[in-house]
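Which chain is which? The protein sequence lines are D and U, in order.
So this note's numbering is basically just the index in the first sequence, starting at one, shifted up by 504.
So this note's numbering is basically just the index in the second sequence, starting at one, shifted up by 279.
Wrong hints could be hidden among the right ones.
Heads up, simulated EDC-like pairs for lysine to aspartate or glutamate below, C-alpha to C-alpha not over 20 Å straight-line [unchecked claim]: (1) U:Lys496 <-> U:Glu467; (2) U:Lys361 <-> D:Asp805; (3) U:Lys469 <-> D:Asp761; (4) D:Lys544 <-> U:Glu416; (5) U:Lys496 <-> U:Glu522; (6) D:Lys544 <-> U:Glu415; (7) D:Lys544 <-> U:Asp440; (8) U:Lys529 <-> U:Asp310; (9) U:Lys469 <-> D:Asp691; (10) D:Lys721 <-> D:Asp761.
In short, the hints are calculated from the structure, not lab data.
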Amino acid sequence: MSQVKINSLRQGPDENGRFGLYGGRFVAETLMPLILDLEKSYNAAQDDPEFHAEMDDLRTHFAGRPSPLYFAERMSAELGGARLFFKREDLNHTGSHKLNNCIGQILLARRMGKTRIIAETGAGQHGVATATVCARFGLPCTVFMGATDVERQMPNVLRMRMLGAEVRPVTAGAGTLKDAMNEALRDWVTNVDTTYYLIGTAAGPHPYPRMVRDFQKVIGEEIRAQMMEAEGRLPDAVVACIGGGSNAIGTFHDFLDEPGVALYGTEAAGYGLDVDNGHAASMAGGSPGVLHGNRTYLLQDADGQIREGHSISAGLDYPGVGPEHAFLRDSGRVTYVPITDQQALDAFMACTRFEGIIPALESAHGLAYAMELVPTLSPEAIVVLCLSGRGDKDVESVGRRLGMGN
Amino acid sequence: MTQSRIDSRFASLRAQNRPAFVTFVMAGDPDEATADAILAGLPAAGADVIELGMPFSDPMADGVAIQQAGRRALAAGMTLEKTLAMVERFRRTDTETPMILMGYYNPIYIYGVDRFVADARSAGVDGMIVVDLPAEEDDELCLPAIAAGLSFIRLTTPTTDAARLARVLENTSGFVYYVSMTGITGAEIKNRDAVGDAVRAIKAHTDLPVAVGFGIKTPEDAALIGRDADGVVVGSALVAAVEASLSDGKATDATPGAVHSLAAKLSQGAKSARS
Chain D
505 MSQVKINSLR
515 QGPDENGRFG
525 LYGGRFVAET
535 LMPLILDLEK
545 SYNAAQDDPE
555 FHAEMDDLRT
565 HFAGRPSPLY
575 FAERMSAELG
585 GARLFFKRED
595 LNHTGSHKLN
605 NCIGQILLAR
615 RMGKTRIIAE
625 TGAGQHGVAT
635 ATVCARFGLP
645 CTVFMGATDV
655 ERQMPNVLRM
665 RMLGAEVRPV
675 TAGAGTLKDA
685 MNEALRDWVT
695 NVDTTYYLIG
705 TAAGPHPYPR
715 MVRDFQKVIG
725 EEIRAQMMEA
735 EGRLPDAVVA
745 CIGGGSNAIG
755 TFHDFLDEPG
765 VALYGTEAAG
775 YGLDVDNGHA
785 ASMAGGSPGV
795 LHGNRTYLLQ
805 DADGQIREGH
815 SISAGLDYPG
825 VGPEHAFLRD
835 SGRVTYVPIT
845 DQQALDAFMA
855 CTRFEGIIPA
865 LESAHGLAYA
875 MELVPTLSPE
885 AIVVLCLSGR
895 GDKDVESVGR
905 RLGMGN
Chain U
280 MTQSRIDSRF
290 ASLRAQNRPA
300 FVTFVMAGDP
310 DEATADAILA
320 GLPAAGADVI
330 ELGMPFSDPM
340 ADGVAIQQAG
350 RRALAAGMTL
360 EKTLAMVERF
370 RRTDTETPMI
380 LMGYYNPIYI
390 YGVDRFVADA
400 RSAGVDGMIV
410 VDLPAEEDDE
420 LCLPAIAAGL
430 SFIRLTTPTT
440 DAARLARVLE
450 NTSGFVYYVS
460 MTGITGAEIK
470 NRDAVGDAVR
480 AIKAHTDLPV
490 AVGFGIKTPE
500 DAALIGRDAD
510 GVVVGSALVA
520 AVEASLSDGK
530 ATDATPGAVH
540 SLAAKLSQGA
550 KSARS
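Please take these sequences and the hints and turn them into a complete structure.
Right under this line is the structure:
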C-alpha cells in the first residue's frame, strides 16, 4: 500500500468533511448531534484493532474476499489492443461490492448500540446487502425504495423480503433513488434515538462519504496486490461506473497518487446528454449544489430545484454524485465520461456472450468505456474494470428490451 | 442596528403577556395570485409573525402536507425570485408584520448568497430559517445574512443537548425555533409536558424569544404550548386547509378564506394561552 504523501489526493476530507468545495454537513439540527456522534464512534473504531479483526473475518468468511482479478481473454482478443481484466466484485456475497460497506457499517451500528437499521436503495443491491447483514446480526431493517425501482428490480425486492426486511415503496417524485433517500432521511429524523441510517453510497453528510470510501477502498488495494503478483506492475488504466460512486471511489482511492494509472469513471448518460432531463450524468450535465447533506454536482434547474434524470440502470439513476468524485473531477485526476443506455446494453451483451458473465447494468456502463479504451492502447497495456455487480436482477428488463421473452 | 420588526413584535406581545401566533404558508401555493391573497389576509386573521415557505423539490424535513404544498407551488411555476416578489407586494400594505422565509439551502445557493441577502433585505424580509444549515455551516449563509441585517433563526430540537445549545444559539437572532419532537413537520407531538421543560431550558441560556413548532394543529394545542412558549407556529394545518379548499387541484373562491378562518381560530387559541 502506498504511503500518503504531501500534496496527496488521498488526504480528504478535512475536519469539516470537505473535499475542497464539496462535502460538508448540510443536515437538520435534529440529526447534527447524531452525525457528530457517528464521526466520533467511527474514529474510535478505526483505532480499534478488534473492529478491524471482526471486519476482516467477515470479509473473508462471509463475503468471500478477496474477490478474483480475472483476465477477460476473449473480450481482449475481440477488441484488440490492451489486455482487459475484471475485478470480480460480482462474486462478492449478495452479488455486488455493496456488502463491503454494509459489513463495516453494521459493525459500527452495533458498537453505537443502535437497534434498528434503515437504508435507501436504487437497484436493490444495497438494500439486499443491508438486509443480509441485518439478518446476520438479527437487527430489524427497513429499506426505502422508489416505487418505479420496486417494479424494475423485483428479484431484489423479493430477496430483501425473504431476508426479513420491510421494503417501503416510495411514490413521491419519480419514485427513484432520490425519493427513497428523502424518505429515509425523514424516517431517520423521526427515529433518531434507535435508528442507524446505513447509507449505501459515498455521499450524504460527513462522515458518510469518508466512511463508505474507507470500507470500499479494499477493492483498489486488492487490485494493486493482485496485479503486482500477476504482472509485477500496476495497471495503466482503471475504469469504474458512477452513480453515487462507492465502487468507483473504492476502486480509485489506492491509485490516486499513482500518476501512471489513468482513472476513468463512467456516468449514466441515459438517452444522451443532449436530451433534456434524459440522463443522470450529474458531473457532465449538472452543476454544484447542496442536497442530501452534501455539496456536490447535481442535476438541477436554474431555480435550484433538483431534476429527476434518467438511466436504464436503477443504481445510477440519481441526480447527484459523491463529493469526493466532484473534487476529483475538478482536480482533473479522474476523467469522467458519459455512457448512454444503449452503450451499456451493448456492453452488457458483449460481456455475457464473450465471457459468460452477466454483469449488472451499472457495471456495464463501466465496461462500455473500457471497450472503447482497450483498442486505443498497445498490447502491453493493462486495463482493469471494476465489475461491481452481477446482472441477475437485470435479466428480466434487458430480456424484455431485447425481445427475448417470446 | 435599529430594532428589527421581529424584536419589536415579540417585545410588544411580551408586554401583552401573550405568545406570538406564527403562521407558515407556502409561497405560490396553489398559485401566485391566491398565495398573495392568503398572505395579505393573514395579519387580520391574527398572525403576529409570518413564515413564508420557499418551495423545494426535495423537502427532507417535511411531512406530506408541506411536501404537497411545495409541489403545488412548483407545478404552478413558483421560483425563489417570485417568492421575493411576493414579499415585496405584501410589504406595500403591511410594514409591521415580521416576514421570515423558510426552506432549504439549495435554491438560495443557486440564486447566489450575496444576491439573495441583498434582494431579501430590499424586498422587506426580516429573517430566515434554513433547515439544512446547522451551526457547523454558518459561513455559508448565516454570517452573510446577519451582516446584511437579517435575522438567522435557528432550529433547536430534542436532540440538541445543553453542551451543543451554546453553539446553536451563538449566531441565532430574532427568535429560537424549538422543534417540538424528533420528526418531520405535521407529525404528532408525543410528550407535551416535555416541550414546556425544553422551552424553559432554552430560556435559561438565552434572552431571545422561543417559539415552538411542528405538530401544533388545533386551537387547544396552541393554547397549551403557548403557556410556556413565546410563540406557537402552525404550518401543516394551514397548508392542509389550502389543499382541502381546492377543486381539481385549482384554487377556488373559498381558498384564502379557508386559510384565514382556520388561522383566526388558532390565533384565538394562542391568545387564550395565559388568560
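To see whether the hints hold, each was checked on the structure:
1. U:Lys496 <-> U:Glu467: The given pair, whose Cα atoms are some 9 Å apart, holds under the 20 Å limit.
2. U:Lys361 <-> D:Asp805: Judged against 20 Å, a Cα distance of about 15 Å means the pair holds.
3. U:Lys469 <-> D:Asp761: Given that 20 Å is the threshold and the Cα spacing comes to 53 Å, the pair is violated.
4. D:Lys544 <-> U:Glu416: Roughly 19 Å separates the two Cα atoms, so the pair holds.
5. U:Lys496 <-> U:Glu522: Given pair U:Lys496, U:Glu522 holds - Cα atoms ~15 Å apart, limit 20 Å.
6. D:Lys544 <-> U:Glu415: holds, 16 Å
7. D:Lys544 <-> U:Asp440: holds, 16 Å
8. U:Lys529 <-> U:Asp310: Holds, at roughly 8 Å.
9. U:Lys469 <-> D:Asp691: Roughly 16 Å separates the two Cα atoms, so the pair holds.
10. D:Lys721 <-> D:Asp761: holds, 14 Å
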